[in-house]
Amino acid sequence: MSSTPLRRVAVLVLEGAKPLDVGIPAQVFTTRASMPYEVRVCGAAPGLVTGGDGLSYHVAHGLDVLDWAETVFIPGYRAPDRDDPPPAVVDALRAAHAGGARLAAISTGAFALAATGLLDGRRATTHWHYTRALMEKHPLIRVDENVLFVDESSVLTSAGAASGIDLCLHILRGDIGVAASNHAARRLVAAPYRSGGQAQFVPRSVSEPLGERFAATREWALHRLGEPLNLKVLARHAAVSPRTLSRRFVEDTGYTPMQWVTRARVDAARELLERSERSVEQIAADVGLGTGANLRLHFQHVLGTTPSEYRRTFSQGE
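Quick note on UniProt numbering: the sequence shown kicks off at 1 and runs consecutively.
Worth flagging that the hints you see were computed from the coordinates, not collected in a lab.
Computed from a predicted model, the values in this text were never measured in an experiment.
Take the hints with a grain of salt, since some may be wrong.
Computed Cβ-Cβ distance ranges for the label pairs, DEER-style [as the list claims (entries may be wrong)]:
1. 216 / 174: 24 to 34 Å
2. 48 / 313: 34 to 44 Å
3. 58 / 282: 19 to 29 Å
4. 281 / 88: 53 to 63 Å
5. 187 / 98: 49 to 59 Å
6. 98 / 304: 44 to 54 Å
7. 58 / 34: 19 to 29 Å
8. 223 / 301: 42 to 52 Å
9. 129 / 308: 43 to 53 Å
10. 292 / 228: 34 to 44 Å
11. 91 / 281: 48 to 58 Å
12. 128 / 231: 43 to 53 Å
We put the CB at the ideal spot given by N, CA and C, even for glycine.
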C-alpha cells in the first residue's frame with residue numbers, strides 16, 4: 001500500500017449550482033482505492049446552499065477548504081450573467097490560486113472564475129449559450145466558443161455539463177496517467193477521451209446521423225490500432241468518401257482522421273508503458289507506430305516528453 005498523500009480536491013457550490021455540474025467532479029475524483037484523491041464539498045459558508053433545478057445542497061465546509069485544496073472545481077450556476085459571486089468567494093479563489101491551487105470551472109462556473117481576473121488575457125470557454133455574455137461581461141478574456149474545454153495550466157474552463165467529464169478526465173490523465181483515466185471513464189460509462197478542441201455544438205444540415213456513424217468507426221479503429229489504418233480504410237468502414245470523412249471528422253473530433261489515429265496510438269502506448277514491462281520497440285509495434293524512433297517522435301510532439309520519462313512518471317510499479 002502506497003503512503004503517498006492523497007491529492008486534495010474541493011468542489012465549490014455557489015447559489016443556483018447545477019446538480020450535474022456539482023456531481024461530476026465529486027463523482028470522478030471520489031475517494032476510493034483506485035483514485036488517490038480526497039474530495040471536500042464546500043460553499044461560501046457551511047450549511048444549506050440553494051441550487052438550481054429544485055435541488056439544494058448541504059455542504060459541510062466553508063471557504064477555508066480552498067486553502068487546503070490543490071484543485072478547486074467551480075460548478076456552473078444559474079443566471080451567471082446577472083449574478084456575481086460574493087466578494088468573499090472571489091477573494092478566496094484568488095488566494096487559493098496565489099497559494100498554488102489549480103482552478104477548474106465547469107460550464108457557467110467560468111463566470112465566477114472570470115470575476116477573479118485570473119482569466120484576463122487567457123483563452124477560456126463556457127456553455128455555448130453563455131459565450132456571448134462572457135465576452136461582453138469580461139472583454140479581456142479570449143473566449144473560444146468552439147471547444148469542449150481549455151487548459152491554461154493553472155486555470156481551466158469547460159463547456160456544458162457533459163464536457164465537465166472531459167475536463168475531469170483530462171486532469172486525471174495529466175495527474176496520474178491514461179490507465180487511471182480510462183478506468184474512471186469505464187466506471188462512468190463515458191468516452192475515455194475527447195479532445196478539448198472538439199466542437200461544442202456542430203450545426204448539421206443533413207438528417208443522416210454522421211456523428212454516430214463516425215463514433216462507430218472510431219470504436220472500430222481503436223480495436224485495430226496495430227493494423228494499417230489510413231484515410232481510405234476509415235472511409236470504407238464509415239461508408240463515405242475520404243473527402244466527406246475528413247471534413248466531418250474534424251467537426252466531430254477537432255482532429256483530422258489520421259491525427260486522431262496517431263493520438264489514439266500514442267494513448268494506447270501510454271497505457272502499455274504504465275501497465276506492462278514491454279520495451280519501447282515492442283510497444284511501438286503493438287500500437288501501429290512501427291519503430292521506437294517513430295514512437296519517440298510522436299511522444300515528443302504530442303506530450304513533450306519521451307516514452308522512458310513517461311514510464312518513470314506513471315508506471316504502476318513505481
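Hint check:
no., hint, verdict
1, 216 / 174: 24 to 34 Å, "holds (29 Å)"
2, 48 / 313: 34 to 44 Å, "holds (42 Å)"
3, 58 / 282: 19 to 29 Å, "violated (53 Å)"
4, 281 / 88: 53 to 63 Å, "holds (56 Å)"
5, 187 / 98: 49 to 59 Å, "violated (34 Å)"
6, 98 / 304: 44 to 54 Å, "violated (26 Å)"
7, 58 / 34: 19 to 29 Å, "holds (27 Å)"
8, 223 / 301: 42 to 52 Å, "violated (24 Å)"
9, 129 / 308: 43 to 53 Å, "holds (45 Å)"
10, 292 / 228: 34 to 44 Å, "violated (19 Å)"
11, 91 / 281: 48 to 58 Å, "holds (54 Å)"
12, 128 / 231: 43 to 53 Å, "violated (30 Å)"
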